[in-house]
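Could you build the full structure based on these sequences and the hints that come with them?
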Amino acid sequence: MQFIISLVLLMACSYLGYAFGNFYKLREQFLQDLVNFTQILKTEIGFSKEHLLNILKEKKYNFRPQFVSFLKTYTKCLEKEEILTLEALKTNLTSIYLEEKEQVEVHHLFSFLGTTDSMSQMESLSHYLVFFELFLKDANVQKKKYVGAYSKLGFLTGVFIVILLL
Amino acid sequence: MNFAFLPIEVKEALIETVENHIYELRFRLNQPVLVNVKGVFYEIEKNKLVLKANNSLKVSKQMLENIIFKASSGSVYAYTEQIKQGFLTTLGGVRIGICGEVVMEQDKVLHIKNISSINIRIPHEVINCALPIFPYLIENKSLYNTLIISPPGAGKTTMLRDIAYQISKFNTSINTLILDERYEISGSVNGVPQLNIGQADIILGGKKQQNFEAGIRSMSPQIILCDEIATKSDIEAILYAFRCGIRIIATTHASSETELKTKHYFKTLLQKKVFNRFVVLSNNYKVGTIEGVYDANFKKINKEKSLCNLSLV
Numbered sequence: 001m002q003f004i005i006s007l008v009l010l011m012a013c014s015y016l017g018y019a020f021g022n023f024y025k026l027r028e029q030f031l032q033d034l035v036n037f038t039q040i041l042k043t044e045i046g047f048s049k050e051h052l053l054n055i056l057k058e059k060k061y062n063f064r065p066q067f068v069s070f071l072k073t074y075t076k077c078l079e080k081e082e083i084l085t086l087e088a089l090k091t092n093l094t095s096i097y098l099e100e101k102e103q104v105e106v107h108h109l110f111s112f113l114g115t116t117d118s119m120s121q122m123e124s125l126s127h128y129l130v131f132f133e134l135f136l137k138d139a140n141v142q143k144k145k146y147v148g149a150y151s152k153l154g155f156l157t158g159v160f161i162v163i164l165l166l
Numbered sequence: 167m168n169f170a171f172l173p174i175e176v177k178e179a180l181i182e183t184v185e186n187h188i189y190e191l192r193f194r195l196n197q198p199v200l201v202n203v204k205g206v207f208y209e210i211e212k213n214k215l216v217l218k219a220n221n222s223l224k225v226s227k228q229m230l231e232n233i234i235f236k237a238s239s240g241s242v243y244a245y246t247e248q249i250k251q252g253f254l255t256t257l258g259g260v261r262i263g264i265c266g267e268v269v270m271e272q273d274k275v276l277h278i279k280n281i282s283s284i285n286i287r288i289p290h291e292v293i294n295c296a297l298p299i300f301p302y303l304i305e306n307k308s309l310y311n312t313l314i315i316s317p318p319g320a321g322k323t324t325m326l327r328d329i330a331y332q333i334s335k336f337n338t339s340i341n342t343l344i345l346d347e348r349y350e351i352s353g354s355v356n357g358v359p360q361l362n363i364g365q366a367d368i369i370l371g372g373k374k375q376q377n378f379e380a381g382i383r384s385m386s387p388q389i390i391l392c393d394e395i396a397t398k399s400d401i402e403a404i405l406y407a408f409r410c411g412i413r414i415i416a417t418t419h420a421s422s423e424t425e426l427k428t429k430h431y432f433k434t435l436l437q438k439k440v441f442n443r444f445v446v447l448s449n450n451y452k453v454g455t456i457e458g459v460y461d462a463n464f465k466k467i468n469k470e471k472s473l474c475n476l477s478l479v
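If you read the sequences in order, they're chains H and X. For what it's worth, our numbering labels the leading residue of the first sequence as 1, then goes sequentially. For what it's worth, our numbering labels the leading residue of the second sequence as 167, then goes sequentially.
There's no promise every hint is true.
[To be verified] Quick list of in silico lysine-lysine cross-link-like pairs, DSS-like style, CA-CA up to 25 Å:
#1 X:K236 / H:K72
#2 H:K42 / X:K250
#3 H:K80 / X:K236
#4 X:K279 / H:K42
#5 H:K80 / X:K224
#6 X:K427 / H:K76
#7 H:K49 / X:K373
Simulated from the structure, these hints should not be mistaken for lab results.
This is the structure in structure tokens:
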């Protein structure tokens, strides 16, 4: 019985460590998709001048679920012909570790999209792409640093608790 | 008609108005919203149309920006080329004329900023409105080169659109090409005509001269229809098509055939007798009053003044 409890505790602590680390992974993935999407927008807006709704609905991209869910919120706003609010964005981003400044930049971009001529849109997209790439770089460093660390920390905490129990 | 892009207060005011009776809506910054119903301008007060309002709905900068944003389905950039020319065509062929500060660089328009006025013109598709003049335009199995003359808002484009439709009814084997520079003739949205133009090929946007050359090369048309010829390059394009043996039906702004003769650029066209028929429209009695159909020597060939019933009243 004691063995089973120890094993469960060890597994629970390891999972918690993994879950904490996973947030950094999700953040990095979200930002990677964001960078890819911004590059797609640059092409679609600059060259084919496709409507935003068509870009969002008709094109099939391999984005991860968290970014797809964010795009759905944005699509709903566009369908209602509304501009994306920071509140709507935050509601959708609660499960993702985007820092405050990152959320603000994402909001700025998505509330600006479609509101001006193609030249201004392209300029802005280039500007935001630089920001997002920096965020991604930072997220990459954090992921490398914390994903392994949290997993190890979780496992070690589990071992420590098991030793204490024993 | 799809008025989804209009502010809610305006939409509510228009509910009780017969859709076809609305000619245009004018939004001027800090001025009352004006709705032209059958030629009479109304203001909006408490979501109702009134002739003279004490507390009328005024136009704000935000209102103008929202109209443009919504009319472009949230993608203003997709209409950059149209906006540079001062308009935007939205669903149903509704044309939104835009006034503001023109941003230029090296003689080229980059954009229009600080939009100050919007004029929303509601297109009126009037099937068979060209019937009173159509017999005068027929020459054997084709049509005479025809120029429709009228002041703005007298129904030139509506007439031209119906001529395109009548041509395909008259002879379906005629290759008709429409050069729709401002998307007004076909009211096309995403390449799909929203108005009845019969069986015709359409080139949307672009410049007349390029479109004439490209259209003649690629579509081998027998008749070309185009709206509002005004500049030297437009005249050159017409002459190019004329020399290629293509029939042309075009429109231009002038109040009468006499005024047309005074236009510098048109002198060559008139001297070379490019056009064999001139149709003069006016607003004298109602929108679309046919003042006369004239031959190449400006001799009136129709018997009396008639109405082509463009006013829909």
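Okay, the hints, checked on the actual structure:
1. Only pairs whose Cα atoms come within 25 Å are accepted, and K236 of chain X paired with K72 of chain H is accepted, the gap being roughly 19 Å.
2. For a cut-off of 25 Å, the pair hint linking K42 of chain H to K250 of chain X stands: about 21 Å separates their Cα positions.
3. For the hint pairing K80 of chain H with K236 of chain X, the CA-to-CA distance comes to about 9 Å; that is within 25 Å, so the pair holds.
4. Taken as a hint, the K279 of chain X and K42 of chain H pair is honoured in the structure, with Cα atoms around 22 Å apart against an allowance of 25 Å.
5. A threshold of 25 Å between alpha carbons decides the hint, and for K80 of chain H with K224 of chain X the separation of about 24 Å falls inside it, so the pair holds.
6. At most 25 Å may separate the alpha-carbon atoms for a hinted pair to count; K427 of chain X and K76 of chain H exceed this at roughly 56 Å.
7. Our distance criterion of 25 Å between C-alpha atoms is met by K49 of chain H and K373 of chain X, whose separation comes to about 19 Å.
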